[in-house]
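Trainee: Hey, can you work out the whole structure from these sequences and the hints?
Number of protein chains: 2
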Amino acid sequence: MRIVVDAMGGDNAPHAIVEGAILAAREYNIEIILTGKSEVVLAQLDKFKGWRDLPIRVEHAEEVVEMDDVPAKALRKKKNSSMKVGVDFIKSGEADAFVSAGNTGAVLAYSTVILRPLKGVDRPAIAVQLPTSKGSAIMLDAGANVDCKALQLFQFGIMGHVLAKFVLEKESPEVGLLSIGEEDGKGNEITKTVFHMLKKSHINFIGNVEAKEVYRGHADVIVCDGFTGNVALKISQSMAEMISRHLKKVFKSNWLSKLGYLLIKPYLDKEKKSIDYSETGGAPLLGVNGVCIIAHGRSNPKAIKNAINRARELIEKKINEHIMEDIESNLKDLDIWSRGALWKQLKDIAFSPKPEENNNNNHHQEQEVDHPPEEAQASTKDEESTETEPKT
Amino acid sequence: MRIVVDAMGGDNAPHAIVEGAILAAREYNIEIILTGKSEVVLAQLDKFKGWRDLPIRVEHAEEVVEMDDVPAKALRKKKNSSMKVGVDFIKSGEADAFVSAGNTGAVLAYSTVILRPLKGVDRPAIAVQLPTSKGSAIMLDAGANVDCKALQLFQFGIMGHVLAKFVLEKESPEVGLLSIGEEDGKGNEITKTVFHMLKKSHINFIGNVEAKEVYRGHADVIVCDGFTGNVALKISQSMAEMISRHLKKVFKSNWLSKLGYLLIKPYLDKEKKSIDYSETGGAPLLGVNGVCIIAHGRSNPKAIKNAINRARELIEKKINEHIMEDIESNLKDLDIWSRGALWKQLKDIAFSPKPEENNNNNHHQEQEVDHPPEEAQASTKDEESTETEPKT
Numbered sequence: 050m051r052i053v054v055d056a057m058g059g060d061n062a063p064h065a066i067v068e069g070a071i072l073a074a075r076e077y078n079i080e081i082i083l084t085g086k087s088e089v090v091l092a093q094l095d096k097f098k099g100w101r102d103l104p105i106r107v108e109h110a111e112e113v114v115e116m117d118d119v120p121a122k123a124l125r126k127k128k129n130s131s132m133k134v135g136v137d138f139i140k141s142g143e144a145d146a147f148v149s150a151g152n153t154g155a156v157l158a159y160s161t162v163i164l165r166p167l168k169g170v171d172r173p174a175i176a177v178q179l180p181t182s183k184g185s186a187i188m189l190d191a192g193a194n195v196d197c198k199a200l201q202l203f204q205f206g207i208m209g210h211v212l213a214k215f216v217l218e219k220e221s222p223e224v225g226l227l228s229i230g231e232e233d234g235k236g237n238e239i240t241k242t243v244f245h246m247l248k249k250s251h252i253n254f255i256g257n258v259e260a261k262e263v264y265r266g267h268a269d270v271i272v273c274d275g276f277t278g279n280v281a282l283k284i285s286q287s288m289a290e291m292i293s294r295h296l297k298k299v300f301k302s303n304w305l306s307k308l309g310y311l312l313i314k315p316y317l318d319k320e321k322k323s324i325d326y327s328e329t330g331g332a333p334l335l336g337v338n339g340v341c342i343i344a345h346g347r348s349n350p351k352a353i354k355n356a357i358n359r360a361r362e363l364i365e366k367k368i369n370e371h372i373m374e375d376i377e378s379n380l381k382d383l384d385i386w387s388r389g390a391l392w393k394q395l396k397d398i399a400f401s402p403k404p405e406e407n408n409n410n411n412h413h414q415e416q417e418v419d420h421p422p423e424e425a426q427a428s429t430k431d432e433e434s435t436e437t438e439p440k441t
Numbered sequence: 050m051r052i053v054v055d056a057m058g059g060d061n062a063p064h065a066i067v068e069g070a071i072l073a074a075r076e077y078n079i080e081i082i083l084t085g086k087s088e089v090v091l092a093q094l095d096k097f098k099g100w101r102d103l104p105i106r107v108e109h110a111e112e113v114v115e116m117d118d119v120p121a122k123a124l125r126k127k128k129n130s131s132m133k134v135g136v137d138f139i140k141s142g143e144a145d146a147f148v149s150a151g152n153t154g155a156v157l158a159y160s161t162v163i164l165r166p167l168k169g170v171d172r173p174a175i176a177v178q179l180p181t182s183k184g185s186a187i188m189l190d191a192g193a194n195v196d197c198k199a200l201q202l203f204q205f206g207i208m209g210h211v212l213a214k215f216v217l218e219k220e221s222p223e224v225g226l227l228s229i230g231e232e233d234g235k236g237n238e239i240t241k242t243v244f245h246m247l248k249k250s251h252i253n254f255i256g257n258v259e260a261k262e263v264y265r266g267h268a269d270v271i272v273c274d275g276f277t278g279n280v281a282l283k284i285s286q287s288m289a290e291m292i293s294r295h296l297k298k299v300f301k302s303n304w305l306s307k308l309g310y311l312l313i314k315p316y317l318d319k320e321k322k323s324i325d326y327s328e329t330g331g332a333p334l335l336g337v338n339g340v341c342i343i344a345h346g347r348s349n350p351k352a353i354k355n356a357i358n359r360a361r362e363l364i365e366k367k368i369n370e371h372i373m374e375d376i377e378s379n380l381k382d383l384d385i386w387s388r389g390a391l392w393k394q395l396k397d398i399a400f401s402p403k404p405e406e407n408n409n410n411n412h413h414q415e416q417e418v419d420h421p422p423e424e425a426q427a428s429t430k431d432e433e434s435t436e437t438e439p440k441t
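So the sequence lines, in the order shown, correspond to chains F and H.
Residues 50 to 441 (our numbering) make up the first sequence, in order.
Residues 50 to 441 (our numbering) make up the second sequence, in order.
I should point out that these hints are in silico values taken from the structure, not numbers from a laboratory.
There could be a bad hint or two in this list.
What the hints assert, rightly or not - Below are the SDA-like pairs computed for lysine to any residue, each with C-alpha atoms no more than 25 Å apart in a straight line:
(1) H:K322 <-> H:V299
(2) F:K297 <-> H:T329
(3) F:K319 <-> F:N358
(4) H:K183 <-> H:G266
(5) H:K301 <-> F:G230
(6) F:K183 <-> H:R294
(7) F:K283 <-> H:E223
(8) F:K301 <-> H:S302
(9) H:K298 <-> F:W304
(10) F:K314 <-> H:E223
(11) H:K249 <-> H:P166
(12) H:K261 <-> F:G230
(13) F:K319 <-> F:A289
(14) F:K283 <-> H:E232
(15) H:K261 <-> F:S182
(16) F:K307 <-> H:A289
(17) F:K283 <-> H:T181
(18) F:K128 <-> F:S87
(19) H:K314 <-> F:S87
As the list claims (entries may be wrong) - Only part of the chain H face toward chain F is listed, based on derived beta-carbon distances under 7 Å:
(20) I229
(21) G256
(22) E259
(23) V263
(24) T277
(25) N279
(26) V280
(27) A281
(28) K283
(29) M288
(30) I292
(31) V299
(32) L305
(33) L312
Idealized CB from N, CA, C, for every residue including glycine.
Mentor: This is how it looks when you write it as structure tokens:
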């Protein structure tokens, strides 16, 4: 098994990435290719005695995608970036997975455009593992797709089910749809449609899940569009940060509270570990032809090691084969359930020619089809649409 | 000034509500009308010596809207509920504000249908006050409108500006649009449109605000649709709960950590207070003809007292007059800026005859008594879709 790691991506690149790769090469039986400026990467590697005995090699890439680069521009202009060189290894079959802690949008753009979506998948989704009171849960999409159609959310549900089943090893993962109420009828226009689609699927769909239930571990998989998912993740982080600031203030109040802090510190550190992002590794970009792991931008060596391990698991568990199988079988039944207009739309969207065959517009994010799903079809929404946005 | 309080609404009704009303009547120079089953409410009042010297009276209402009642049904069937009787007092002008800790959807339905939206406001929004590291911020909409159009979000921005200016007393409140990136172009189709609209407004629009900035106090007002806002609020709550569970575990680990807890407890309690919802009172339903405060379902007497105080502030500050003024002046400039299709939409939506005068082309679904919110939303599904045509 061979895993490519973007040595230049992330706030702590290249040192944390290189160290993480060394940890992984030592611990797991895998080969690692580090892509990036070879002199820089080699200099980092040389800090670790005996690294040349490990199955690690460096592949030179002249350019670096910066954290604040505009993804679409990076994709067009940086043809020799460590990301591009890395993803090309997956495309050519020379390596099995790609790991990067770099600019998320750029990883997404390179992976989607170069690797293409899996058969039956309209849009790839970022699947984040969240800590919950019962262990962990997967939330997807965490930000790859800001405007989602019902069919895409349906596919996210299937992909999440597969990930939870094979990677979290839950026998029959409970899949929930993030909404504003638990009752069947609650939600926005899109979630209401997805609700019915998921209800007809073979997966263990438990219905709507309210956001207040997420960290209670009410569901193993939480399905949402990338806008909502991104907001949900980041506001959780913001709340945790605020509480942490308050706690620090409490601990520093005076010598009594400082003493109190010293007494609880060992237990606090232990509990902290259970919600530490670096323990879970990165977030898989599900639904592309190949395994791609997006690690946290602030990844430390342990986070990189765990992200590489997550990639290894996805390859070993043949996650993409399972996704294709499950999407196909579930879409078939969707056909039986809903004939006519909906099925036509599903076919159009899910099985339309991929962008390379379609036209020159090679950014998958921009890939669109003639017939957007359900809502748009029958409506007179031209009058109502927000589409009339002024383009200044 | 006369404030009506729904004595039967909330998890702790009627005792917490009655006690909160007594606290408010003692502290502020206001009259209070408690609506609900008179024998029950009077029995609660009689627990407080000397309540008859306070400017409190009880108005009988035979029915109670339960927390799990379907709002649309409650609206249709419970014509004698404590909520309906309460809101009617505002409609008739006999009272100035309505406060309820009951079923949020039902408060929303009664208020919107009976009081009608303010001139220039398409949809009322729930404005929640969040604690931040810099003090507090207002987020709206927190759940009144699941599918929003750009113009509605624009109006939320104006209303939030007014609330922050007059109630939080910020001279030039910084209004941000909740999105998935700070850069101008980031967001979904709706937020991208709203971005341009708010940029042209007179308010201090600071652009997109990422969710991770919310509790850092990056903006005074955070604008979002009700689906996203509801998810953001509830997942924050879920995260806080999880951390609290972990902390409890830490504190209970053994006798050392228990001792540590005792040492920090006083400081912890003080910090807790700064993020306690009951300190901020309830959430105003902005954009209806009248002042309506939705208190937390779990409100204790202090929360009710503060919700009543919030109502008092909104009346004193003439919040609705300011909203109408600001919406009108900002919409006018939107006209100059964008001619053609957008303006047609704005006119259709914002200035179309109210439903009572025009039943055929009704954008104010929630105003029609015969068509309570949920049904109306469903029946105009096609028109209401937030789904946009694919861009090419």
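Trainee: Could you run down the list of hints and mark each one as holding or not?
Mentor: Tested hints:
The suggested pairing of K322 of chain H with V299 of chain H holds, with an alpha-carbon distance near 21 Å, which does not exceed 25 Å. Taking the CA atoms of K297 of chain F and T329 of chain H, the gap is near 23 Å; set against the 25 Å cutoff, the hint holds. A threshold of 25 Å between alpha carbons decides the hint, and for K319 of chain F with N358 of chain F the separation of about 22 Å falls inside it, so the pair holds. About 5 Å separates the Cα atoms of K183 of chain H and G266 of chain H, which keeps this hinted pair within 25 Å; it holds.
Pair hint K301 of chain H plus G230 of chain F does not hold up; C-alpha atoms about 34 Å apart against a cutoff of 25 Å. The hinted pair formed by K183 of chain F and R294 of chain H meets the criterion: a straight-line CA distance of about 12 Å does not exceed 25 Å. Proposed proximity of K283 of chain F and E223 of chain H is supported: the alpha carbons are some 20 Å apart, at most 25 Å. As the CA atoms of K301 of chain F and S302 of chain H are separated by approximately 21 Å, the hinted pair is consistent with the 25 Å bound.
Taking the CA atoms of K298 of chain H and W304 of chain F, the gap is about 23 Å. The hint holds against a cut of 25 Å. A threshold of 25 Å between alpha carbons decides the hint, and for K314 of chain F with E223 of chain H the separation of about 38 Å lies outside it, so the pair is violated. Note on K249 of chain H and P166 of chain H: the hinted pairing holds, with a Cα-Cα distance of about 24 Å set against a maximum of 25 Å. Among the hinted pairs, K261 of chain H with G230 of chain F is consistent with the structure: their alpha-carbon atoms are about 24 Å apart, no more than 25 Å.
Distance check on the hinted pair: K319 of chain F and A289 of chain F sit about 16 Å apart at the alpha-carbon level, within 25 Å; holds. Between K283 of chain F and E232 of chain H the alpha-carbon distance is near 16 Å, which keeps this suggested pair within the 25 Å criterion. Between K261 of chain H and S182 of chain F the alpha-carbon distance is near 22 Å, which keeps this suggested pair within the 25 Å criterion. Only pairs whose Cα atoms come within 25 Å are accepted, and K307 of chain F paired with A289 of chain H is accepted, the gap being roughly 23 Å.
The hinted pair formed by K283 of chain F and T181 of chain H meets the criterion: a straight-line CA distance of about 15 Å does not exceed 25 Å. Under the criterion of a C-alpha separation no larger than 25 Å, the hint pairing K128 of chain F with S87 of chain F is consistent with the structure, at around 17 Å. Proposed proximity of K314 of chain H and S87 of chain F is contradicted: the alpha carbons are some 54 Å apart, above 25 Å. Given the 7 Å rule on beta carbons, the hint for I229 of chain H holds: about 4 Å separates it from the nearest Cβ of chain F.
Hint on G256 of chain H is violated. Least Cβ distance to chain F is approximately 15 Å, over the 7 Å limit. Nearest Cβ of chain F to the Cβ of E259 of chain H: about 6 Å, under the 7 Å cut. The hint holds. Interface hint status for V263 of chain H: upheld, as the beta-carbon distance to the closest one in chain F is roughly 5 Å, under 7 Å. Taken as an interface hint, T277 of chain H checks out: its beta carbon lies about 6 Å from the nearest beta carbon of chain F, inside 7 Å.
Annotation: interface hint on N279 of chain H holds; nearest CB of chain F at approximately 4 Å, less than 7 Å. The beta carbon of V280 of chain H is positioned within 7 Å of a beta carbon in chain F (closest approach about 4 Å), and the interface hint is therefore held. The criterion of a C-beta within 7 Å of any C-beta in chain F is met by A281 of chain H, whose closest approach is roughly 5 Å, and the hint holds. For K283 of chain H, the interface hint holds, the least distance from its beta-carbon to any beta-carbon of chain F being 4 Å, beneath 7 Å.
Here the hint on M288 of chain H is kept, as its CB sits about 4 Å from the closest CB of chain F, short of 7 Å. The restraint placing I292 of chain H at the interface with chain F holds, with a minimum CB-CB distance near 5 Å, inside the 7 Å limit. Interface hint at V299 of chain H: satisfied, since its Cβ lies 4 Å from the closest Cβ of chain F, which is below the 7 Å cut-off. At its closest, the beta carbon of L305 of chain H sits 5 Å from a beta carbon of chain F; the interface hint therefore holds under the 7 Å criterion.
For L312 of chain H, the shortest C-beta to C-beta distance to chain F is roughly 3 Å, which falls under 7 Å, so the interface hint holds.
In the structure shown, a violation is registered for the earlier hints numbered 5, 10, 19, 21, in ascending order.
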